[in-house]
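Letter by letter, the chains look like this.
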Amino acid sequence: MSERQYRTDISSVDVLPQVRLVDVSKRFGQVLANDGISLSIMPGRIKALLGENGAGKSTLMAMLAGRFPPDGGHIEVEGRRVDFASPREAIAAGIGMVYQHFMLVENMTVAENVLLGQEGGFVLHPAAMRKQVGELAQRFGLGIDPGARVGDLSMGERQRVEILKLLYRESHVLIFDEPTAVLTPVEAESLFSALRTMSGQGKAIVFISHKLEEVLSLADEIAILRRGRIEGEFLASDVASPADLARRMVGRDVVLDIERNAVDQGRQVLAVRHLSGHGLDDVSFDLHRGEILAIVGVAGNGQQQLVEVVCGLERPESGEVNVLGQDWAKFFQSRDWKGALAWIPEDRAGLATCRGLSLTDNLLLTTRQGFAQGQWLERSRARGATTDIVREHNVQPGNIEAQAWQLSGGNLQKFVLGRELYREPRLMVAEQPTQGLDVSATEAVWQRLLEARKTAGVLLVTGDLTEALTLADRVAVMFRGRVMGLFPVTDTAQVERIGSLMAGLKD
Amino acid sequence: MLLQIRKREESLGWGVLVVYLGALALALGVCAVLLTLYGRPGLGGLAILFRGAFGQSYSLLDGLVKAIPIFLCSLGVALSFRMQIWNIGAEGQFALGAVGATFMALSFPGLPGIALMPLMFLAAMLAGGAWGLIPAVLRLKLGVSEIISSLMLNYIGILVLEFLVFGVWKDPASFGFPMTAEFTSGGQIARMGPTLGLALGKLHWGLLACPLAGVAYSVFLSRTRLGFELAACGEGERVARYAQLPYGFLVLLVMGLGGALAGLAGSIESSAILGRLQPTVMVGYGYTAIVVAWLARLKPWPIAFTSFLLASLRVGVEVMELELQVPAAFGQIMEGGILLCVIAGQFFLSYSVSLKRPLSETPPIAKEERA
Amino acid sequence: MSPELIVALLAAAVQAAAPILFATLGEMISEKAGVLNLGVEGVMAIAAFAAFITCHTTGSAVLGLLAGGFAGALLCGLHSLVCQVFLGNQVVSGLALTIFGVGLSNFLGTPYVGQGTAGFHQIALPLLSDIPVLGAIFFRQDSMVYLAYFAPVAVWFFLNRTSLGLGLRATGEMPAAAAAAGLNPQRLRALGVMGGGFLCGLGGAYLSLAHTHLWTTGLSGGRGWVAVALVIFAFWRPGRAVIGAFLFGGVMAFQLRLQASGTNVPSSLLLMLPYALTVIVLVFSAARAKYLKTGRSAAPAALGVNIEPEG
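Line by line, the protein sequences are chains A, B and C.
Throughout the first sequence, residue numbering follows numbering that gives the first Met the number 0, covering 0 to 506 in sequence.
Throughout the second sequence, residue numbering follows numbering that gives the first Met the number 0, covering 0 to 370 in sequence.
Throughout the third sequence, residue numbering follows numbering that gives the first Met the number 0, covering 0 to 310 in sequence.
If we strip away everything but chain A, and leave its shape as in the complex, we get (with noise of 0.2 Å):
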């Protein structure tokens, strides 16, 4: 086995690393996902894990957690060795893990999601119970209601159930997958604030993350994963900029900086005016061909109304909707598959295919009345259009006959781009088109998006700042069902205020 020289000024106090991992290796299949990673994690310290989607961060956090084994090497508990035969077992070796997909149940309480599988006898209090989780967020400063049924509240507030979890179980490392995904930049910024106190008060925190400037602003100590290894482990105060550690990242100056050309903006393609309803609230905005118009916003502000709405899934129940040139109802009315409207939704695998079909039929699923005669099917036909798709995006593995399900990811979702421009659209609707992608798919779909503005107006829905701000030409921020701020990418001075209007703040 290759041992690495890491820099040795992280662990030289004689203090004993709270959890070492050893050498630890997890395979799935053909992918190696972990490969003979060694970190150890110190008491009082902030170690952020720094890497892509895929990189491999939530398999060695899933291992940490005590969801499966590793394949090769071992984790260390205090010294010891440990080998967790479930998460019961991690969770009492003291280590307390927030998922960046919150593990609550929404029909239940806090008090009861907080209490959930710990010891306190078998009958239950639910009045005590109340008491005690009050108690307990009282004392940490994280304010919430004990009663209040969880799927009733905000994610900033569901993240304090979850921390208030681990705070309960008095965990002495606490692993934070993607913190800050789902927060305002306020919310961020108070649970930063709760992490340094709790590091202050001696326990290990690691968070996972792919944002640089966030972790160069909390991280005591940066950990480099990139295609199942450490490239690189440092301080945070070793590191100049975020620039550098992009550079640290990936080995090379940051690729993710896309060529944007000029392009000539056409007609008008969507035109929204005073649309209210549904979550909504007085939204206007116009898109032309040629350009692409981001919608900025934590999640859950009216973004996903939105789409349903211009996607023509819910009715706009008062203002104006004029899908390329025509009326809302008139346009759903008749669906026109070529050189109209496509829709790439967020969920590539529960929407916008089927996992059980083909990837021939998935292309069918959006361009079926093109392969029609009547009521019969060219199957032959979209096969050879497949193979052309699969062929020019670039998607592995190239069986045109392989089911959804057996692609990964960015692969899915660049069949789903090939089939969505195969069909010529004037309009657009991309969501979160490079959540969980790895670099190179990311560029991919990038160049794809900023192509595509050629033949069509694009609304970008992400809550990707990055991705926002290089590929759009103007942003708009959703906050509370209302755009807060609409204005090209080049206005430095709106652009600086994009995390106070995310969070509703309007001046």
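To be clear, the hints were calculated from the coordinates, so they are not data collected in a lab.
Be a bit skeptical, because a hint or two may be false.
[What the hints assert, rightly or not] DSS-like, lysine-lysine: derived pairs with alpha carbons at most 27 Å apart: (1) A:Lys130 - A:Lys329; (2) B:Lys6 - B:Lys298; (3) B:Lys169 - B:Lys201; (4) B:Lys140 - A:Lys329; (5) A:Lys337 - A:Lys210; (6) C:Lys289 - B:Lys140.
[Unchecked claim] Computed list of chain A residues with no C-beta within reach of chain B, every gap over 12 Å: (7) Pro125; (8) Ala126; (9) Leu215; (10) Val238; (11) Ser240; (12) Arg272; (13) Glu307; (14) Lys329; (15) Asp360; (16) Thr366; (17) Ala371; (18) Gln374; (19) Gln402; (20) Gln446; (21) Gly480.
[As the list claims (entries may be wrong)] Ranges between beta-carbon positions, derived for each pair: (22) A:Gly373 - B:Gln83: 26 to 32 Å; (23) A:Ala127 - C:Leu124: 24 to 30 Å; (24) A:Asp144 - B:Lys140: 58 to 64 Å; (25) A:Ala127 - C:Gly115: 39 to 45 Å; (26) A:Ser189 - B:Gly235: 57 to 63 Å.
In this text, all values refer to a predicted model and were calculated from it rather than measured experimentally.
For each residue, glycine too, the CB sits at the ideal point set by N, CA and C.
Put chains B and C on the given structure of chain A with help from the hints.
Frame of chain A; chains B and C shown alone:
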């Protein structure tokens, strides 16, 4: 966990056959044990079963005859199962079909077969189809579980049949036995044997309905746009909304067609086998059809094969009843047991199971293996 | 109809409601844990036979009851095995279980058709049975019915006031959350399915031990399906299950009385009543849920979804 369970990346190929045969063997083994518990020879009983089912040419013919209604019902069930719409109502739709056909047969006894038969079939398919539409409408408009509603309609449908047969349609000449008057010759499906000059037992011209229905089913699903949309809807309503699939229409279509097919089966059975309507026309083909559809993974040729197989098992059980005094319920045990074993066996089609090596023995992952 | 007849009818309704209530509560527990069990009909049939044969051979009704409960739990264990270990489709597995269970019950029971057994008898509770009207309806029943009075409370308490019940409910809503909390969702599900199966078995046992005191085929008569429908009607709450069970008990008792009284109404139509009522009950529940538009379904979020193995 000692076992490592992984999702399969490639299909098993011939392994599929092994899995199914294994499941079948397990189920039959359990049945043999039950036979011995009952005081009958276990393996011997199974031998009689197989001899009865496949031993003679007339048992094969008998199996074919029984396979006809099972096959038709099963096609209907498979159509809706493809959409993950659980149509359990084939039994009741079968009953209503028989009722519809009887209505025509009793109302127009004078008509020649060439006119009466199509009328009977049409009425049967309309009645069965309507019966199938009820759960469909309830599901679409109100979200009522089609499983329970179609099942309740089974019970109600059979009671409707009994109500008519005990009541208005009762044959005065039947000495109190619940049955309608015998259909006229125009209303009875003829046996194939006499016309062809061959000894074909009870095999009747209703057999022709099967290849017709089978081909229609096959072509519909693989060649037509609606058939494709149906398969895509099986993934769920959300995808249907995204791709603008006519989900509601398809729910009505599959339940209506399923009901029509089961109704057709009912009319064929009452017309060809009994020549009249009696409560004994209900022998549980509707439920067997569900077992067949699932075993055959909803594909047309496997449905045909499995229909014949389960029909033959029924024939075999009849022989067991005669020779060993085994209760008829044994057939149900077999069907239920086979289905359970096959469901469990289907696990191995999608997942591979291997022994996990203890961690301490895990060899280091060699440098060359890294992607 | 004279008051005595009404009282007698209501008392019969209570008695008829008892097995349905047990079956409904049993299915409710299973569904609360996330497993849909459509095999209740088969479970009740098997349990009825197991109870009968045990009581017939040992003479003890209590032993028969327990036998019925355990038979139910065992058969549901089969469902649990197929769905949890072999990831079988819950709907189809349940159907297979029904076919198998009903068949097995009829098969094993054939030699005993028409034979009687000791079973439970009515016990008039002291003092309580003397209350006018109510005493005659509720307190002159057999011990199973008295047990049925406690069952909903016990089930409610188990689900909502014990940590095991909390874990079980979490498994039915979001197994991943239960796992992340250190619980074992598969084990909790199995507990729910088999515990629920025990209750369903008690309901089935009642059919042969108290309802008729003899063995015939088809004892369950669709009650298992009614139970599944009633869980929906009860919005997965034990308290409401009582209303539903009593409703069905009433209809069944009414239908029997009517048939026995030699009415002109054809028996086929009368027999349709419980099944038609089931559909009506479902329609009513669905319409109510739609009307209330709470946006959240009362059903456990992970109901019917198998837990896939990881890593």
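So, going through the hints one by one against the coordinates:
1. A:Lys130 - A:Lys329: violated, 57 Å
2. B:Lys6 - B:Lys298: Cα-Cα ~23 Å, so holds.
3. B:Lys169 - B:Lys201: holds, 26 Å
4. B:Lys140 - A:Lys329: holds, 25 Å
5. A:Lys337 - A:Lys210: violated, 38 Å
6. C:Lys289 - B:Lys140: With Cα atoms ~10 Å apart, Lys289 (chain C) and Lys140 (chain B) stay inside 27 Å; holds.
7. Pro125: holds, 32 Å
8. Ala126: holds, 36 Å
9. Leu215: Given that every Cβ of chain B is farther than 12 Å from that of Leu215 (chain A), nearest at about 30 Å, it holds.
10. Val238: Holds, because the least Cβ-Cβ distance between Val238 (chain A) and chain B comes to about 28 Å, which exceeds 12 Å.
11. Ser240: holds, 32 Å
12. Arg272: The claim holds: Arg272 (chain A) sits with its nearest Cβ about 25 Å from chain B, beyond 12 Å.
13. Glu307: At about 9 Å from chain B, Glu307 (chain A) fails to clear the 12 Å cut-off, so the statement is violated.
14. Lys329: holds, 16 Å
15. Asp360: At roughly 7 Å from the nearest Cβ of chain B, Asp360 (chain A) sits no farther out than 12 Å, so the non-interface label is violated.
16. Thr366: violated, 10 Å
17. Ala371: With a cut-off of 12 Å, Ala371 (chain A) comes too close to chain B, as the shortest Cβ separation is near 5 Å.
18. Gln374: violated, 5 Å
19. Gln402: violated, 10 Å
20. Gln446: Gln446 (chain A) is indeed farther than 12 Å from all Cβ atoms of chain B, at 25 Å.
21. Gly480: Given a closest Cβ separation of 21 Å, the condition holds.
22. A:Gly373 - B:Gln83: 26 to 32 Å: holds, 27 Å
23. A:Ala127 - C:Leu124: 24 to 30 Å: Violated: the Cβ-Cβ distance is about 36 Å, outside 24 to 30 Å.
24. A:Asp144 - B:Lys140: 58 to 64 Å: With a Cβ separation near 38 Å, Asp144 (chain A) and Lys140 (chain B) fall outside 58 to 64 Å, so the hint is violated.
25. A:Ala127 - C:Gly115: 39 to 45 Å: violated, 53 Å
26. A:Ser189 - B:Gly235: 57 to 63 Å: Because 38 Å falls outside the window, the suggested range is violated.
Checked against the numbered hints above, the structure violates hints 1, 5, 13, 15, 16, 17, 18, 19, 23, 24, 25, 26; every other hint is satisfied.
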